[in-house]
Structures are given as structure tokens and as C-alpha cells.
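Novice: Here is what each chain is made of, one letter per residue.
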Amino acid sequence: DTEVTQTPKHLVMGMTNKKSLKCEQHMGHRAMYWYKQKAKKPPELMFVYSYEKLSINESVPSRFSPECPNSSLLNLHLHALQPEDSALYLCASSQVPEGREEAFFGQGTRLTVV
Amino acid sequence: AQKVTQAQTEISVVEKEDVTLDCVYETRDTTYYLFWYKQPPSGELVFLIRRNSFDEQNEISGRYSWNFQKSTSSFNFTITASQVVDSAVYFCALQRGGSNYKLTFGKGTLLTVNP
Chain A
2 DTEVTQTPKH LVMGMTNKKS LKCEQHMGHR AMYWYKQKAK KPPELMFVYS YEKLSINESV
62 PSRFSPECPN SSLLNLHLHA LQPEDSALYL CASSQVPEGR EEAFFGQGTR LTVV
Chain B
595 AQKVTQAQTE ISVVEKEDVT LDCVYETRDT TYYLFWYKQP PSGELVFLIR RNSFDEQNEI
655 SGRYSWNFQK STSSFNFTIT ASQVVDSAVY FCALQRGGSN YKLTFGKGTL LTVNP
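In order, the protein sequence lines correspond to chains A and B.
Numbering of the first sequence is given in the working numbering, commencing with residue 2 and proceeding in unit increments.
Numbering of the second sequence is given in the working numbering, commencing with residue 595 and proceeding in unit increments.
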């Protein structure tokens, strides 16, 4: 099973709402990632969790708050977003947080902020 | 600094044609990894191949083949006898050796295979 599952697939939220994106993998991977992808652009790394600890934060605004409750789950809490935050949010995991292992991606959550 | 250049923004071919997607990278590291991912309209990035900097052996997997040449810093991807299902955006990516995982993606190439 090489599946990364993300929910919801689509999300529309207002600028004052609080919502969460969820990501789950059951491959025993110890590294998990959040990427943001705008239309016609490559994915941009947001956060890296290594062994359930936040190891990389790519200067992401605090209105995005990641959480890793356990080795299989990764959440992204959203609060007071702006319309420019509308994008595809991709979760990924890899066996270890090193390039010698490929990352597996979920199908993403298409987020629209209104 | 690391950089990946995919000069072809869009390519359109007719089914059964062969097509090559170009990827040129820049890095000062001696240990690094190169990847190709496919992104169909559904959004998921599908892993295709990983190559480390010490392995220049070309690889073939069915209709897909990859040509890694360190001398020209290129990692090109060829699809033989293309099919409509190959239509997608293809990303080439580079990662440094070490413990901090960060993929540097190229801008991607949109491949459209017409019937």
C-alpha cells in the first residue's frame, strides 16, 4: 500500500473561518510534508515533520499551523486565511527525511478562500 | 544554490509518437538525488524515478526511459509510443544529500498526447 490519503478533497472557506486539512499514511514512513501548489506552478515546500517533530518551516505565515499527532497523521490547521492562499495543498511522506527515499504524495486538497 | 530548469513549458504530440522531456540541473553538491514526478489532472504527484549522483546508468521501465548525464547536468525523460493517458504535467526535481529533505522542482512540462 503506497497510499497517502488527504481529506477533504475540496474545501471552500471564508476568511474568518477555522478549518483543518488531514493527511494519513500507513506505510510506516517517518517523514511527512506539506506542500502548497498554485495553478501552473510547481509545488512549494511548507513544512517537514521528521519522526513526528517539526524539522523544517519554510517561513510559512502563522495562519497555517501544522500538527503531527502520531507517525501516521498530519494535520494543517487554517485560520484567518487570505484569498491568495487558495491553492492545492499536497501532503507527502517518505520512509526517512532524506533524498535517498522517494516521497509519495496524496491527491491534495483544493482550497478556495472567499 | 540549487536549480532545475525544464525549458519546455508545453509539448503536444500525437499518440504513438516518441517524446523527450528535458531537465537540466545546477548544484554544487557531490551527493544529490534526481527525481521525475507525473501530475495528472487529478492532482496527485506520482513518483516515476529516483537517481543518485553516483549512478549514471540509464534506466528503462516499459515505455519510459531516462538518460542521466553528469557531464551536461541533464536528466532527460523519454516516453516511447506515447498514449493519451500519458497526458500530464511532468516535474523534474533535485534534492541535496543529507538529512533535511527539500525537493527543488523545475517548473514542469505539460505534455498533451492527442488521439
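Wrong hints could be hidden among the right ones.
Stated by the list, open to error - Restraint ranges, calculated between C-beta atoms of paired labels, are given here:
(1) 101(A) / 599(B): 43 to 51 Å
(2) 54(A) / 620(B): 44 to 52 Å
(3) 664(B) / 71(A): 34 to 42 Å
To be verified - Only pairs whose alpha carbons sit at most 25 Å apart, straight line, appear in this in silico PhoX-like list of lysine-lysine:
(4) 632(B) / 39(A)
(5) 54(A) / 696(B)
(6) 597(B) / 701(B)
FYI, nobody ran anything at the bench for these hints, they're computed from the structure.
Note that this is a predicted model, so its numbers are computed, not measured.
Glycine included, C-beta positions come from ideal geometry on N, C-alpha and C.
Novice: Hint by hint, note whether the structure agrees.
Specialist: Structure-based check of all given hints:
{"no.": "1", "hint": "101(A) / 599(B): 43 to 51 Å", "in the structure": "violated (24 Å)"}
{"no.": "2", "hint": "54(A) / 620(B): 44 to 52 Å", "in the structure": "violated (31 Å)"}
{"no.": "3", "hint": "664(B) / 71(A): 34 to 42 Å", "in the structure": "holds (41 Å)"}
{"no.": "4", "hint": "632(B) / 39(A)", "in the structure": "holds (16 Å)"}
{"no.": "5", "hint": "54(A) / 696(B)", "in the structure": "holds (16 Å)"}
{"no.": "6", "hint": "597(B) / 701(B)", "in the structure": "holds (10 Å)"}
Hint check: violations occur at hints 1, 2; the rest are consistent with the structure.
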